[in-house]
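Chemist: What follows is each chain in one-letter form.
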Amino acid sequence: MASPTLGTPVATMPPPAAAGDRPEFRKRLRRRNLWIYAFLMPTIVLYGLYTLYPMVASYWYSLVEWNGFSAEQRYVGISNYEAVLADPMFWSAVRITVVFMLIVTPLRVMGAFLLALVLNSPRLPFSGFFRTAFFIPVVTTTAIVGVVMRFIFDPANGPPSVVAQFLGLGPVDLLGSSSTALLTSAVVYVWKFFGITLVYWLAALQTIPKDLYEAARIDGAGPVNLFRYITLPMLLPFLLIITILTIEDCFRAFDLMQTMTAGGPYYSTEIIEIFIYRWAFAASIPQLGFASAAAVLFGLLVMVFVIFQVWGLTVSRRMRGQR
Amino acid sequence: MTPKQQAQVSQQPSPAAQHGRRRISRRTLWWGAFALLLGLAFLWVYPFIWMLSTSLKTPGEVFGGGLGLIPEVMQWENYRRAWTDGNFSRYLVNTVIVTVATTVLVVVRCALAGYVLGRYRFPGSRIIIVILVATMFVPTGYTIIPVVHLSMSLGILDTHLGMILALAGGSHVAFILVYAGYFRGLPKELEEASIVDGAGFFRTFGRIMLPLSMPVTATVSILTFLFTWNAFFLPLVFSFSNPALRTVSVGMQAFVGENSTDWTGMAAAGVLSMLPVVALFAFMQRYFVEGIAGAVKS
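Those protein sequences? They're chains A and B, same order as listed. Mapping of the first sequence onto our numbering: residues 10 to 332, in sequence order. Mapping of the second sequence onto our numbering: residues -11 to 286, in sequence order.
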């Protein structure tokens, strides 16, 4: 992506003429670079301290035994990792995170795709109203939605339970039963962030040039063929991107899960972030080394998907470049 | 369909009539889709309607009233309880302080970094971009332990300042890249003209470049505002030992724990805490949607 303006406007300014200008030019370049580094300073300091340093420090923390209060950090090598990997609760958290992802991703990606196709049609009345309705849960505070959902799924007076009782099914406790809690919370998560995926798809649909459809229609293509030979292939690169973005989103479910189920009942919704939180902050004696080891392993899992994303971006760019 | 009707149908071969019928059936299809969407949209906003109605009911009504959405007598008292007893006035002030400060900090730092990264090549520029992109996606759960410990060593763990710095230092890489892309696309003549006029590096940025980037700034500040207002993990951990620092989203959680029976008060608190963002969204809808759509288009 080498654009011509990437060059250095200030540096190219003086005419390439007299040799006497050289020191002047160099001085100016140095001044310019000083300004550049000054402009970068806030990001270097903040991002360095609060994102880059913690990423590296996690590795050190994972090698010590430490409760966070005392200054004493005892180096214990990889024994934290051994403990985490031997802990069935950690593996259960990994499994729950993955299952959660496997429920959420297809529902969000394909559901939003179908809805976007309908909402994109100019013939649909009030489409602006619908877009707003589906987007509203996105802007509301996740932690508050979590609390409200606890209330809505209350077995005594929550709407789903009242409906089930009306149908003769008796009261249902969807979030309180360990067999349904994960599925229910995944559905709530889909509900909450569906609007984002919908907007992604609507944006993707906008990138298809209108004259492609017109040309095909003149050639006698019906709606089915238009969809099959134009819409689908044009959207394929976006499918890749949107799927990966949605998967990564699933790693940030802490807010909703902690407030809605706090990992319960019986740890049936304990995703990895809650596992880390429980050992690092919610325990009466925090095990920061142990929690850090889990965090590092979590980071590795996320990294796999980030690599996947970089690959996906390259592939999709190439696919779009061909046309 | 009886055979007689079938015969009647097959007796209308006129192409015009057939065309008309197809149009009608297509129109009914659209109205069917419309009705389906209406039902789906209702399901989407139902939790909010239910919460709003609960916030105006008496506790007895919530438990005995089934699905009825209209309260018998409006209980505005619930709101007063959430506001004063639930400490929501305090939480709201905290949230406003933290959110506004974080947004300003993020916009300033991302605009500055995006400007130089998008417009200049200098020693280290490539490395910085590579590092930023490689660490673009870091979940809070991964970095939270060192962040807390760092803030503790700096002595700002239980302060607004600590919360603000940690929130503003988190991954806002996408915003830097959006700024960089925007500044890269501006014509070079702008800077040349400003230098001829005798403006320095900073003046060129402040007087010409930053005002030109208003569309990006609007999107970035609105999205940051939303993310920060809704943030939970960091404010939760930063207000552990000092409940007076709680933001609305953390306070809501505490509200349930401490007053587990006060459902109507909680619903009122929920409405109160959602109101500001929903109002902001209503006014700034275009920027929200464009900002999120931009992520996938680029």
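No lab work stands behind these hints, which were simulated from the structure alone. There may be inaccurate statements among the hints.
Stated by the list, open to error - Sample of chain B residues at the chain A side, in silico, Cβ under 10 Å:
id	residue
1	Val33
2	Met62
3	Tyr103
4	Phe125
5	Ile132
6	Ile133
7	Leu138
8	His160
9	Ile164
10	Gly188
11	Asn218
No residue lacks a Cβ here, since even glycine has one placed at the ideal position from N, Cα and C.
Chemist: Would you mind marking each hint as holding or not holding in the structure?
Modeler: Each hint tested on the structure:
For Val33/B, the interface hint holds, since its Cβ comes within 10 Å of a Cβ in chain A; the closest pair sits about 5 Å apart. Taking 10 Å as the C-beta contact cut-off toward chain A, the hint placing Met62/B at the interface is violated, the least distance being around 19 Å. Interface hint status for Tyr103/B: upheld, as the beta-carbon distance to the closest one in chain A is roughly 6 Å, under 10 Å. With a least beta-carbon distance of about 5 Å to chain A, the hint placing Phe125/B at the interface is held under the 10 Å criterion.
About 7 Å separates the beta-carbon of Ile132/B from the nearest beta-carbon of chain A, less than 10 Å, and the hint is met. A distance limit of 10 Å between C-beta atoms decides the matter here; for Ile133/B the minimum to chain A is near 5 Å, and the interface restraint holds. A hinted interface residue such as Leu138/B counts as satisfied when its beta carbon comes closer than 10 Å to some beta carbon of chain A; here the least separation is about 7 Å, so the hint holds. At about 8 Å, the closest approach between the beta carbon of His160/B and any beta carbon in chain A falls short of 10 Å, and the interface hint on this residue holds.
Residue-level restraint check for Ile164/B holds (minimum Cβ-Cβ distance to chain A is 7 Å; threshold 10 Å). Annotation: Gly188/B was flagged as interfacial toward chain A, and the flag holds, the nearest CB pair being 8 Å apart, inside 10 Å. Look at Asn218/B: its Cβ gets to within about 4 Å of chain A, closer than 10 Å, so that hint holds up.
The structure fails to meet hint 2 from the earlier list, while all remaining hints are met.
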